[in-house]
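Asks: Chain order of the listed sequences is D and P.
According to this note's numbering, the residues represented by the first sequence are 1 to 114, in order.
According to this note's numbering, the residues represented by the second sequence are 1001 to 1114, in order.
Think of the hints as simulated: they come from the structure by calculation, not from any bench.
C-beta atoms are modelled at their ideal positions from N, C-alpha and C, and glycine is treated no differently.
The reader is advised that the hints may include incorrect statements.
[Said to hold, decoys possible] Partner residues are not named here, just some residues of chain D that face chain P (Cβ under 7 Å, in silico):
#	residue
1	GLY40
2	GLY42
3	LEU43
4	LEU45
5	PHE90
6	GLU102
7	PHE105
8	GLY106
9	PRO107
10	GLY108
[To be verified] Sample of chain D residues facing chain P (criterion: CB under 8 Å; computed from the structure):
#	residue
11	MET41
12	GLY58
13	GLN103
[What the hints assert, rightly or not] From the derived model, a few chain D residues whose C-beta atoms are all more than 12 Å from chain P:
#	residue
14	ARG68
15	LYS70
16	GLU79
17	THR112
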Amino acid sequence: NAGVTQTPKFRVLKTGQSMTLLCAQDMNHEYMYWYRQDPGMGLRLIHYSVGEGTTAKGEVPDGYNVSRLKKQNFLLGLESAAPSQTSVYFCASSYSWPGNNEQFFGPGTRLTVL
Amino acid sequence: GNSVTQMEGPVTLSEEAFLTINCTYTATGYPSLFWYVQYPGEGLQLLLKATKADDKGSNKGFEATYRKETTSFHLEKGSVQVSDSAVYFCALSPMNTGFQKLVFGTGTRLLVSP
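Bound conformation, chain P alone (with noise of 0.2 Å):
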């Protein structure tokens, strides 16, 4: 079936440092990934998207690569601030006929200091 593996957190790091967040996928053909991303006490937003291989989606500051190759789509970015603290998920969409929905990953929690 349809599944996403994602990095076990928390994720500790301090300001200005490298942020990777791994996430692996499993599905059949070309699904549609994304990362969202949801702050304390609120709802996921959208924070990047790629429907096809060799897609990169950013916004930001914050970059993922669609590799079909390694069915990855890693998260990163250059410069992590205190800001960016919150849960990162990776999600696909499967490209089947009928209703699309979304599989989630179990989260991963950055936490950054000052």
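Just chain D, same shape as in the assembly (with noise of 0.2 Å):
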């Protein structure tokens, strides 16, 4: 199993442009979440999705929008980059919910917004 897959790994990006981060897992899992890791501040849940067909906003929502038209599938995307969404992102996945289960995350996707 390759768990849980990220592309790309790395991207840097001019101000206004926009991306599509792909986000893959095989475990079957229903739940599904992107998370944005910045020094001093942990990770902080941007968008998550509790099945397919389902998406619903986190912590910091805004400047991004995200889409789950297949289970094995979690797409980030940034319509319009800032400098401030200069990141790394996390996807992960869990079977159920995270209170009780293990979340499995992806190698990232290093983000720089120029």
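The task is to assemble the complex, starting from two chains supplied on their own in separate frames and drawing on the hints.
Replies: The structure is reproduced here in structure tokens:
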């Protein structure tokens, strides 16, 4: 099993450009999440999904959109990138409620917005 | 609100030294508590968890005890190895209705030298 994979691993954007980050999991998990990791701030939840076709906002959703058209994939979109979105982005998945269920993380995408 | 406070890093130790990384939390009720570890260049992995007061989570020689009276979940290991060098995140999942998202601390970097 590959677990949780993310593409791309690195990306540099100019302000105003758009891009999509792809997350895929092969564990048949219902729940998927997008986090951003910034120095001194830990991980913050951007958006999450509790099943195919569903999405919901997390702590810091502004400037991002997501889609979960297939159970195994969770896409994170930046329509008009800003320097404040420079960060490391992690996707994660879990079988059920995160309260008692382990979240499995991808290796991350390092995004720089100039 | 819900929050997690971890000790500032980096924590620098020699191989075979004793490790303690402090974690305290603020939450209502009885949250579930977790330690995640992030090795260089990788995503987070669950290290251990505890779901009720006085529970002890353990894995790979690491231990943490859920202390309700002191709202703490300190991570300990009796003898660290160079391979334990990583960033350690304490996290909680609050007990509330609806989506129980993970709240992460800011992370503590551990550096172990031979």
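Asks: Taking the hints in turn, state whether each one holds.
Replies: Right, here's what the structure says about each hint:
1. Hint status for GLY40/D: holds, given a least beta-carbon distance of 6 Å to chain P, under 7 Å.
2. With 7 Å as the threshold, the beta carbon of GLY42/D comes within range of chain P, its nearest partner Cβ sitting at about 4 Å, so the hint holds.
3. Taking 7 Å as the C-beta contact cut-off toward chain P, the hint placing LEU43/D at the interface holds, the least distance being around 4 Å.
4. Interface hint at LEU45/D: satisfied, since its Cβ lies 6 Å from the closest Cβ of chain P, which is below the 7 Å cut-off.
5. Contact between PHE90/D and chain P, as hinted, is supported at the beta carbon level, the nearest pair being about 6 Å apart and thus within 7 Å.
6. Hint status for GLU102/D relative to chain P: holds, with the closest Cβ pair at about 4 Å, below 7 Å.
7. The restraint placing PHE105/D at the interface with chain P holds, with a minimum CB-CB distance near 3 Å, inside the 7 Å limit.
8. With its C-beta approaching chain P no nearer than about 5 Å, GLY106/D sits inside the 7 Å limit, and its interface hint holds.
9. With 7 Å as the threshold, the beta carbon of PRO107/D comes within range of chain P, its nearest partner Cβ sitting at about 5 Å, so the hint holds.
10. Restraint check, GLY108/D versus chain P: the minimum CB separation of about 6 Å is within 7 Å; hint holds.
11. The beta carbon of MET41/D is positioned within 8 Å of a beta carbon in chain P (closest approach about 6 Å), and the interface hint is therefore held.
12. For GLY58/D, the shortest C-beta to C-beta distance to chain P is roughly 7 Å, which falls under 8 Å, so the interface hint holds.
13. Hint status for GLN103/D: holds, given a least beta-carbon distance of 7 Å to chain P, under 8 Å.
14. Every CB of chain P is more than 12 Å from the CB of ARG68/D (nearest about 15 Å), matching its label as outside the interface.
15. Under the 12 Å C-beta cut-off, the non-interface status given to LYS70/D relative to chain P holds; the minimum distance is some 21 Å.
16. Every Cβ of chain P is farther than 12 Å from the Cβ of GLU79/D; the closest lies at roughly 24 Å, confirming the non-interface assignment.
17. Chain P leaves THR112/D outside its interface by the beta-carbon criterion, the shortest separation being 17 Å against a cut-off of 12 Å.
In the structure shown, no violation is registered for any of the earlier numbered hints.
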